[in-house]
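Each protein sequence line maps, in turn, to chains A and B.
Quick note: the first sequence uses my numbering, first residue 1, plus one each step.
Quick note: the second sequence uses my numbering, first residue 1, plus one each step.
Hints were generated in silico from the structure; no laboratory data involved.
Virtual Cβ for every residue (Gly too), placed ideally from N, Cα, C.
Treat each hint with caution, since some may be false.
Computed footprint of chain A on chain B, listed as stretches where at least three residues anywhere in the stretch have a Cβ under 8 Å from a Cβ of chain A [stated by the list, open to error]: (1) 55–67; (2) 101–110.
In silico DSSO-like links for lysine-lysine, alpha-carbon gap of 30 Å or less [to be verified]: (3) A:Lys30 with A:Lys41; (4) B:Lys90 with A:Lys41; (5) A:Lys394 with B:Lys42; (6) A:Lys383 with A:Lys63; (7) A:Lys63 with B:Lys103; (8) A:Lys356 with A:Lys372; (9) A:Lys63 with A:Lys116; (10) B:Lys76 with A:Lys63; (11) A:Lys356 with A:Lys249; (12) A:Lys368 with A:Lys408; (13) B:Lys42 with A:Lys63; (14) A:Lys368 with A:Lys116.
Calculated from the model, a selection of chain A residues having no Cβ within reach of chain B, i.e. all distances over 12 Å [what the hints assert, rightly or not]: (15) Gly32; (16) Gly46; (17) Leu181; (18) Ser217; (19) Arg221; (20) Lys226; (21) Gln236; (22) Pro278; (23) Val284; (24) Leu308; (25) Pro345; (26) Ala400; (27) Arg409; (28) Leu412; (29) Glu426.
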Amino acid sequence: MTDTIITERFDLVIIGAGSAGLAAAAAAAKAGVQKILVLEKEDHPGGILLQCVHNGFGLHRYKEELTGPEYAERVLAESCHHAIDLRCGAMVLSITPEKVIRYSGEKYGYRQACAKTIICATGADERTRGAVRIPGDRPTGVMTAGLAQHYMNLDGYMVGRRVFILGSGDIGLIMSRRVALEGGQVLGVAELMPYSNGLARNIAQCLNDFGIPLYLSHTVRIIRGKDRLEQIVLSQVDGNFDFIPGTDKTFDVDTLLLSVGLIPSNRLLTDLGVRLHPKTGGPVVDETLQTSVPGVFSCGNSLHVHDLADFVSIEGETAGLAAARYLAGETGRLSDSAPLIKTEPGEGISYLLPAKLHTENAGEFLLKFRVKKPYRNVALLLKENGRLIRKVKKPYLLPAEMENLRLKREELVEPAGTLTLEIADE
Amino acid sequence: MSKTKLPAEMICIVCPRGCHLRVDENLNVTGNACSRGVVYAKTELTHPTRTITSTVRLTGSAVGRVPVKTSEPIPKERIFDVMAEIQRQKAAAPVDCGQVLIKNILGLGADLVATRTIRS
């Protein structure tokens with residue numbers, strides 16, 4: 001043991017080598033950033049893509065249908081650059097206000113990296129049984145769908161024989177099919193909401209193909225089992241999510257998979273004092289994806305939960321490019337008094353990103369948002385200080401699908417104020 | 001599925017967009033955003049097919065499974081026959097992404113290929 005910790009200096013340190021982090025690294029290197037360090041806690045780069053063995057990735061970005069690992073391989077090839085130092089098996093422990101990143105790993109021991117800029121691409125955590133407060137016994141066999149995916153696709157363990165799935169998000173639907181393909185019996189998928197939270201294609205190809213019933217407005221009321229899960233009781237809920245008496249259905253199952261949402265993983269940033277968005281759980285960012293701490297950027301599922309890896313990659317590139325411009329002194333060092341447009345979600349909009357736009361910074365802004373409930377044949381109204389500047393007709397809008405809206409600088413009249421997005425009848 | 005009465009409605013599964021397709025009595029497809037939707041709807045009503053993805057046991061590596069897929073969609077009614085073949089299969093590292101693990105699986109005209117490069 002020596003007394004001094006190995007300390008290295010980098011222009012940019014990226015935390016996380018999943019689709020967001022790798023795309024950010026590639027974009028920053030391409031923009032001329034010289035010294036980039038990418039830290040990944042797992043032994044292989046690729047993040048969650050590696051366990052997503054199903055296909056459907058890359059249709060936007062590569063114009064072909066890839067599986068998760070194939071997509072990861074493409075992204076990794078693109079981030080092969082002499083400026084990028086990728087270190088796997090390196091767990092980041094803390095970030096100091098001086099942008100010193102402390103990490104440890106078998107290969108590296110305990111080290112620190114001094115960064116001029118940081119991109120946090122740390123993904124999201126799954127909500128657990130505790131987060132949705134399901135009463136009953138505490139047997140084994142109750143786990144999150146993503147964990148089950150890791151067991152099955154990376155470790156090669158079958159998670160159960162008689163399986164029930166709570167939550168109709170895409171991970172839950174994908175895992176229903178996965179369990180069914182491997183010979184498990186999937187007795188059903190329950191969804192608290194009156195509509196599914198997954199992509200329509202996944203309802204079709206993961207549930208309907210295998211004859212798996214979907215119970216809308218239902219949730220698990222009781223979990224029973226001494227050591228292993230033995231039984232669950234499913235109940236229907238009303239409009240206030242209260243159980244409707246007399247609607248109990250019991251299922252004898254050995255496994256319950258929970259696909260009940262993701263929470264952006266931002267512990268490193270909250271320790272640093274980065275302000276989080278109450279709705280998304282990710283940092284409050286401007287159009288360059290810069291957080292409330294200058295020089296610290298956020299992208300991917302740690303900024304807000306995405307449905308498609310393709311969009312995560314694009315967001316990673318935005319952050320990588322923004323970090324490069326910040327390093328070159330071009331942008332991102334605007335004072336607090338710089339003209340600012342605040343964005344606000346209006347009627348029917350669950351959240352709207354980014355939270356603030358610097359009008360002197362960019363020629364075009366990419367707004368991202370989700371709706372609160374499903375809509376058919378409606379119009380999106382974009383208003384600047386109450387004045388309508390854009391109306392977009394939409395045949396379908398679903399909470400499960402993140403929407404994009406490109407806004408040109410010229411469309412805005414004022415350099416500052418409030419931009420709202422709302423849904424109105426067509 | 002192949003006996004679906006027309007007109008029929010279905011969700012296109014070609015891409016995540018998930019178009020709501022309608023097929024009339026003359027096999028005319030509407031609601032599609034691209035040409036692949038037309039092909040999908042007609043195939044789905046005549047002889048539905050699916051691409052299968054799974055994993056295969058891997059030896060000689062710290063990684064225990066290599067992900068695989070069928071290089072082409074296979075008939076939907078043969079899904080579990082193909083899965084049985086995949087479950088019997090073993091592979092040894094190193095494996096390259098795209099490497100054929102089973103040529104012409106069950107004579108269905110599709111290969112089983114690895115979808116990840118695993119060196120050791």
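Going down the list of hints, with the structure as the test:
1. 55–67: Contact hint for the region 55–67 of chain B vs chain A: holds, 7 residues under 8 Å.
2. 101–110: With 0 residues close enough to chain A, the hint is violated.
3. A:Lys30 with A:Lys41: holds (24 Å)
4. B:Lys90 with A:Lys41: holds (29 Å)
5. A:Lys394 with B:Lys42: holds (27 Å)
6. A:Lys383 with A:Lys63: violated (34 Å)
7. A:Lys63 with B:Lys103: Judged against 30 Å, a Cα distance of about 26 Å means the pair holds.
8. A:Lys356 with A:Lys372: holds (21 Å)
9. A:Lys63 with A:Lys116: violated (36 Å)
10. B:Lys76 with A:Lys63: Since the Cα atoms of lysine 76 (chain B) and lysine 63 (chain A) sit roughly 24 Å apart, the hinted pair holds (cutoff 30 Å).
11. A:Lys356 with A:Lys249: violated (48 Å)
12. A:Lys368 with A:Lys408: holds (14 Å)
13. B:Lys42 with A:Lys63: holds (22 Å)
14. A:Lys368 with A:Lys116: holds (28 Å)
15. Gly32: Answer for glycine 32 (chain A): holds, closest chain B Cβ roughly 29 Å.
16. Gly46: Answer for glycine 46 (chain A): violated, closest chain B Cβ roughly 9 Å.
17. Leu181: The claim is violated: leucine 181 (chain A) sits with its nearest Cβ about 5 Å from chain B, within 12 Å.
18. Ser217: holds (21 Å)
19. Arg221: Consistent with the label, arginine 221 (chain A) stays out of reach of chain B, its closest Cβ about 30 Å off (over 12 Å).
20. Lys226: Non-interface label stands for lysine 226 (chain A): nearest chain B Cβ at 31 Å, farther than 12 Å.
21. Gln236: holds (25 Å)
22. Pro278: holds (28 Å)
23. Val284: holds (28 Å)
24. Leu308: Violated: least Cβ distance 6 Å, not greater than 12 Å.
25. Pro345: holds (24 Å)
26. Ala400: violated (10 Å)
27. Arg409: holds (29 Å)
28. Leu412: holds (30 Å)
29. Glu426: At roughly 17 Å from the nearest Cβ of chain B, glutamate 426 (chain A) sits farther out than 12 Å, so the non-interface label holds.
Comparing the model with each earlier hint shows violations of hints 2, 6, 9, 11, 16, 17, 24, 26; every other hint is respected.
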